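Protein sequence lines, in the order shown, are assigned to chains U and S. All the letters of the first sequence, read from the start, carry residue numbers 1 to 429 under the working numbering. All the letters of the second sequence, read from the start, carry residue numbers 430 to 687 under the working numbering.
If you are wondering where the hints come from, they were derived from the structure by calculation, not from laboratory data. Small disclaimer: the values here were computed from a predicted structure and weren't measured. Every residue gets a Cβ at the ideal spot worked out from N, C-alpha and C, and that includes glycine. Hints should not be assumed to be uniformly reliable.
[Unchecked claim] To give a feel for the contact side, a few chain U residues facing chain S, derived at Cβ under 8 Å:
#1 G187
#2 A245
#3 S257
#4 M271
#5 I273
#6 E349
[As the list claims (entries may be wrong)] Derived lysine-lysine pairs resembling DSSO-like cross-links, with alpha carbons at most 30 Å apart:
#7 U/K60 to S/K598
#8 S/K642 to S/K500
#9 S/K534 to S/K549
#10 S/K500 to U/K177
#11 U/K408 to S/K534
#12 S/K537 to U/K177
#13 S/K548 to S/K534
#14 U/K398 to S/K534
#15 S/K537 to S/K598
#16 S/K500 to S/K673
#17 S/K500 to S/K598
#18 S/K673 to S/K598
#19 S/K642 to U/K408
#20 U/K60 to S/K549
#21 S/K642 to S/K457
#22 S/K549 to U/K398
#23 S/K500 to S/K534
#24 S/K673 to S/K439
#25 U/K373 to U/K60
#26 U/K408 to S/K664
#27 U/K408 to S/K500
#28 S/K500 to S/K457
#29 U/K177 to S/K457
#30 U/K398 to S/K664
#31 U/K12 to U/K398
#32 S/K537 to S/K500
#33 U/K408 to U/K373
#34 S/K457 to S/K548
#35 S/K642 to S/K673
#36 U/K177 to S/K439
#37 S/K642 to S/K598
#38 U/K398 to S/K439
#39 S/K673 to S/K534
#40 S/K537 to U/K408
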Amino acid sequence: MQRLTSKLKGNKLAQIILLVLYVLVTSLSLYLAQASVTAFLLLLVSLLLLYYTELPDRLKWVIAGVVLVGVIPFVASTGPSYQSYMEVATVVGIYVAMALGLNIVVGLAGLLDLGFVAFFAIGAYTYGIFATAQAANFMPFGVFPLSGDSFWIFILIGCFVAALFGVLLGIPVLRVKGDYLAIVTLGFGEIIRIVFNNLDKPVNITNGAMGLASVKPPEIFGFQFVYPNQFYFIVLAILLFVILAVRRFEFSKIGRSWKAVRENEIAAQSMGIHLVRTKLLAFAIGASFSGMMGVVFAAKQTFVDPTSFTLLESITILVMVILGGMGSVPGVILGAAVITILNLQVLTEVTNYLNQLSLNGVISFPEALSPAKMQRFIFGAILIIFAIYRPQGLIPAKNPVFDEESLKEGSENHRKKQIKVESDKGFQA
Amino acid sequence: MSILTVSNIKKQFGGLVAVNSVDMTVEKGSITAVIGPNGAGKTTFFNLITGVYQPDEGNVQLGSSSLVGLKPHEISRLGIARTFQNIRLFSNITVLENVMVGLHKQLKAGIVGTLFQTKKVREEELRAQEEAYHWLEYVGLAQHLNEEAQNLSYGAQRRLEIARALASKPRLLLLDEPAAGMNPRETRELTEFIHRMRDDLNVTIVLIEHDMKLVMEISEHIIVLDHGEKIAEGKPAEIRNNVKVIEAYLGKSAVTPA
Ligand SMILES: Nc1ncnc2c1ncn2[C@@H]1O[C@H](COP(=O)(O)OP(=O)(O)O)[C@@H](O)[C@H]1O
Ligand SMILES: [Mg+2]
Chain U
1 MQRLTSKLKG NKLAQIILLV LYVLVTSLSL YLAQASVTAF LLLLVSLLLL
51 YYTELPDRLK WVIAGVVLVG VIPFVASTGP SYQSYMEVAT VVGIYVAMAL
101 GLNIVVGLAG LLDLGFVAFF AIGAYTYGIF ATAQAANFMP FGVFPLSGDS
151 FWIFILIGCF VAALFGVLLG IPVLRVKGDY LAIVTLGFGE IIRIVFNNLD
201 KPVNITNGAM GLASVKPPEI FGFQFVYPNQ FYFIVLAILL FVILAVRRFE
251 FSKIGRSWKA VRENEIAAQS MGIHLVRTKL LAFAIGASFS GMMGVVFAAK
301 QTFVDPTSFT LLESITILVM VILGGMGSVP GVILGAAVIT ILNLQVLTEV
351 TNYLNQLSLN GVISFPEALS PAKMQRFIFG AILIIFAIYR PQGLIPAKNP
401 VFDEESLKEG SENHRKKQIK VESDKGFQA
Chain S
430 MSILTVSNIK KQFGGLVAVN SVDMTVEKGS ITAVIGPNGA GKTTFFNLIT
480 GVYQPDEGNV QLGSSSLVGL KPHEISRLGI ARTFQNIRLF SNITVLENVM
530 VGLHKQLKAG IVGTLFQTKK VREEELRAQE EAYHWLEYVG LAQHLNEEAQ
580 NLSYGAQRRL EIARALASKP RLLLLDEPAA GMNPRETREL TEFIHRMRDD
630 LNVTIVLIEH DMKLVMEISE HIIVLDHGEK IAEGKPAEIR NNVKVIEAYL
680 GKSAVTPA
């Protein structure tokens with residue numbers, strides 16, 4: 001094994017060939033052995049392998065694109081479980097975007113937020129209210145529900161409304177730090193849910209606990225998006241934008257300010273960083289990703305009610321970030337995928353299997369112990385294990401590597417400039 | 430011409446008066462030392478100037494603008510930079526990035542520019558990297574640019590703090606015990622470095638320091654704090670022979686043997 005890896009290291013051609021082989025084999029087994037969850041999961045693992053190859057970034061993106069846009073939808077499409085696979089993939093995409101949003105707040109800016117699902121709820125309700133007849137209850141003008149064509153604009157609206165709430169929440173909340181911040185955000189998450197639960201009177205805005213049913217599906221040029229395999233592509237497109245945005249922010253002045261605030265608030269301030277503005281920006285941008293996916297979620301489920309936005313959801317997203325690696329974009333993507341698939345596929349599969357055994361009388365397995373019900377226990381265990389043994393997560397965050405040679409040349413100019421600038425610098429006041 | 434004028438400044442923590450009615454005038458381009466026994470209120474004095482604490486009484490004036498009521502980041506923008514007694518680096522990011530944060534207040538990149546990676550933003554970022562590298566060269570840490578700040582040696586961390594402060598192009602630089610934990614050779618190098626920095630960069634320096642050799646060698650003006658009060662002020666030669674100062678450092682018995 002060791003010999004194999006050492007041989008592979010540096011040999012890009014062999015890496016490509018192996019990767020293609022792997023994708024081919026897993027695709028083929030998924031294609032032939034219809035309802036094979038294992039084959040589907042193994043196919044997804046190819047993306048992880050791709051991450052670890054030493055190919056140029058551009059090529060990695062192209063390959064990932066081919067696998068996600070072409071291979072996965074195609075090879076899964078023949079079997080009876082097609083829609084359920086695409087559903088899983090879509091939900092994974094939604095959670096990845098949310099986890100990347102929370103990663104900005106927790107991982108980059110170091111602000112522990114336990115109520116993050118609130119922004120997802122805000123996005124979902126923003127679309128839900130206007131894409132059902134609900135809005136007619138309080139809007140003095142306009143015809144509701146709005147058509148599915150409005151969905152595309154609502155992705156943007158959901159983004160901005162969530163960002164706005166991120167700022168509104170941040171203004172009072174950011175006065176407190178550390179543990180207190182966690183408690184206050186937890187409270188905020190619950191407040192939002194309870195407000196949505198009770199905002200059916202005096203004016204019926206959210207339809208309370210009944211929720212909003214028959215949310216209009218997205219529509220473009222008369223084509224309606226109703227099935228998971230269609231939503232899959234919407235989610236993929238948004239996700240692409242989110243990943244691009246996160247990476248750009250992370251290695252910019254903005255991302256560096258977040259990290260500086262995370263590392264040492266007093267030093268950051270004394271270097272001229274506006275503490276409140278920097279934290280608010282993290283809240284707003286993190287929230288905006290969730291808001292967008294909230295809109296998609298409402299459209300995909302065609303139903304929105306407060307039970308989708310409980311504290312457990314916030315905790316789940318946090319577990320994704322911690323498991324994957326705080327501050328690490330690839331890590332968080334992996335963490336979100338692992339947790340979602342664990343939730344949706346593995347736990348239910350194992351439960352089904354155990355039920356089968358009980359039915360056949362092989363073992364008697366009490367209903368109360370079914371893995372599907374042990375979600376919280378499993379998340380708790382993951383958190384503890386990772387906190388103790390691998391606090392940096394599955395794929396630890398990496399710092400950028402700067403090229404010394406090119407910086408050396410550039411710094412020459414500064415040396416020449418510096419003496420001049422400094423000597424004729426007078427009082428600004 | 431004076432660059433910084435502190436008048437009658439006072440700070441109380443509960444019943445403890447940490448800084449009591451202290452005055453100080455710093456001449457532009459000078460090196461001033463603030464000395465005194467542990468707990469004398471020196472760091473608190475710096476914190477009052479840089480806005481980490483607000484004074485209970487008194488005024489701090491940089492050039493013609495009063496600093497009282499301003500936040501630390503606003504004061505930084507007016508041209509004061511500092512280092513910390515208990516080193517405060519951004520431990521988990523690279524050495525180069527630490528210095529780049531010092532440059533932040535000159536950078537203009539906003540959300541939209543960053544999102545679209547406009548040419549202007551990319552150029553600005555590149556220039557910032559080069560300038561940060563220049564400051565690393567200046568303090569002799571260039572070869573460590575890609576290391577995490579927390580992995581540097583103690584002395585190197587102190588120099589990195591100075592590089593970060595210099596990157597923010599201060600008019601006034603406050604150094605809180607820059608030689609703490611350094612060996613004699615490092616201290617000697619630091620002494621030279623502080624001199625060089627003042628001459629090259631035209632920056633005014635105020636430093637807190639316990640190493641008397643360094644203080645006497647480097648400073649043009651010294652103020653001495655004890656129990657929050659200013660007990661003496663003057664040129665190194667005057668301070669060296671000041672009875673009150675010797676008393677504060679060595680106890681009364683040192684002056685009037687029993
Ligand atoms: N934030 C604070 N709260 C309470 N007491 C403080 C605080 N900061 C400093 N002090 C107290 O003020 C006094 C002066 O401290 P400091 O300025 O750190 O002294 P020095 O830097 O001269 O050693 C000490 O008695 C210290 O305990
Ligand atoms: Mg001190």
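Checked hints:
Annotation: interface hint on U/G187 violated; nearest CB of chain S at approximately 27 Å, more than 8 Å. Because the beta carbon of U/A245 sits about 6 Å from the nearest beta carbon in chain S, less than 8 Å, this interface hint is met. Interface hint status for U/S257: upheld, as the beta-carbon distance to the closest one in chain S is roughly 6 Å, under 8 Å. With 8 Å as the threshold, the beta carbon of U/M271 comes within range of chain S, its nearest partner Cβ sitting at about 5 Å, so the hint holds.
Residue-level restraint check for U/I273 holds (minimum Cβ-Cβ distance to chain S is 6 Å; threshold 8 Å). Interface hint status for U/E349: violated, as the beta-carbon distance to the closest one in chain S is roughly 39 Å, over 8 Å. Of the pairs offered as hints, the one joining U/K60 and S/K598 is violated, with about 41 Å between alpha carbons and a cut-off of 30 Å exceeded. Note on S/K642 and S/K500: the hinted pairing is violated, with a Cα-Cα distance of about 35 Å set against a maximum of 30 Å.
Taking the CA atoms of S/K534 and S/K549, the gap is about 16 Å. The hint holds against a cut of 30 Å. Of the supplied pair hints, the one linking S/K500 and U/K177 holds, its CA atoms being roughly 18 Å apart against a limit of 30 Å. With a CA separation close to 23 Å, the supplied pair U/K408 and S/K534 stays within the 30 Å bound. With a CA separation close to 28 Å, the supplied pair S/K537 and U/K177 stays within the 30 Å bound.
Taking the CA atoms of S/K548 and S/K534, the gap is near 19 Å; set against the 30 Å cutoff, the hint holds. Among the hinted pairs, U/K398 with S/K534 is consistent with the structure: their alpha-carbon atoms are about 25 Å apart, no more than 30 Å. Our distance criterion of 30 Å between C-alpha atoms is met by S/K537 and S/K598, whose separation comes to about 16 Å. Under the criterion of a C-alpha separation no larger than 30 Å, the hint pairing S/K500 with S/K673 is inconsistent with the structure, at around 36 Å.
Annotation: proposed proximity of S/K500 to S/K598 holds, straight-line Cα distance about 18 Å (limit 30 Å). About 37 Å separates the Cα atoms of S/K673 and S/K598, which puts this hinted pair outside 30 Å; it is violated. Only pairs whose Cα atoms come within 30 Å are accepted, and S/K642 paired with U/K408 is rejected, the gap being roughly 36 Å. Of the pairs offered as hints, the one joining U/K60 and S/K549 holds, with about 27 Å between alpha carbons and a cut-off of 30 Å not exceeded.
For the suggested pair S/K642 and S/K457, the alpha carbons sit about 23 Å apart, so the restraint of at most 30 Å is met. Taken as a hint, the S/K549 and U/K398 pair is honoured in the structure, with Cα atoms around 26 Å apart against an allowance of 30 Å. Restraint check: the Cα-Cα separation between S/K500 and S/K534 comes to about 14 Å, which is no more than 30 Å; the hinted pair holds. The straight-line distance between the Cα atoms of S/K673 and S/K439 is roughly 21 Å, inside the 30 Å bound, and the hint therefore holds.
Restraint check: the Cα-Cα separation between U/K373 and U/K60 comes to about 38 Å, which exceeds 30 Å; the hinted pair is violated. Pair hint U/K408 plus S/K664 does not hold up; C-alpha atoms about 42 Å apart against a cutoff of 30 Å. Between the alpha carbons of U/K408 and S/K500 the distance comes to roughly 36 Å, so the proposed pair goes past 30 Å and is violated. Of the pairs offered as hints, the one joining S/K500 and S/K457 holds, with about 23 Å between alpha carbons and a cut-off of 30 Å not exceeded.
In summary, the hint linking U/K177 to S/K457 is not supported, as the alpha carbons are separated by about 39 Å, beyond the 30 Å threshold. For the hint linking U/K398 to S/K664, the alpha-carbon distance of about 50 Å lies beyond 30 Å, and the restraint is violated. The hinted pair formed by U/K12 and U/K398 meets the criterion: a straight-line CA distance of about 22 Å does not exceed 30 Å. Restraint check: the Cα-Cα separation between S/K537 and S/K500 comes to about 21 Å, which is no more than 30 Å; the hinted pair holds.
Distance hint between U/K408 and U/K373 is unfulfilled; the C-alpha atoms sit about 59 Å from each other, more than 30 Å. With a C-alpha separation of about 39 Å, the suggested pair S/K457 and S/K548 falls outside the 30 Å cut-off, and the hint is violated. Distance hint between S/K642 and S/K673 is fulfilled; the C-alpha atoms sit about 19 Å from each other, no more than 30 Å. With a C-alpha separation of about 28 Å, the suggested pairing of U/K177 with S/K439 holds against the 30 Å cut-off.
Restraint check: the Cα-Cα separation between S/K642 and S/K598 comes to about 28 Å, which is no more than 30 Å; the hinted pair holds. With a C-alpha separation of about 45 Å, the suggested pairing of U/K398 with S/K439 is violated against the 30 Å cut-off. Under the criterion of a C-alpha separation no larger than 30 Å, the hint pairing S/K673 with S/K534 is inconsistent with the structure, at around 43 Å. For the hint pairing S/K537 with U/K408, the CA-to-CA distance comes to about 23 Å; that is within 30 Å, so the pair holds.
Hint compliance for this structure: hints 1, 6, 7, 8, 16, 18, 19, 25, 26, 27, 29, 30, 33, 34, 38 and 39 are not met, and every other hint is.
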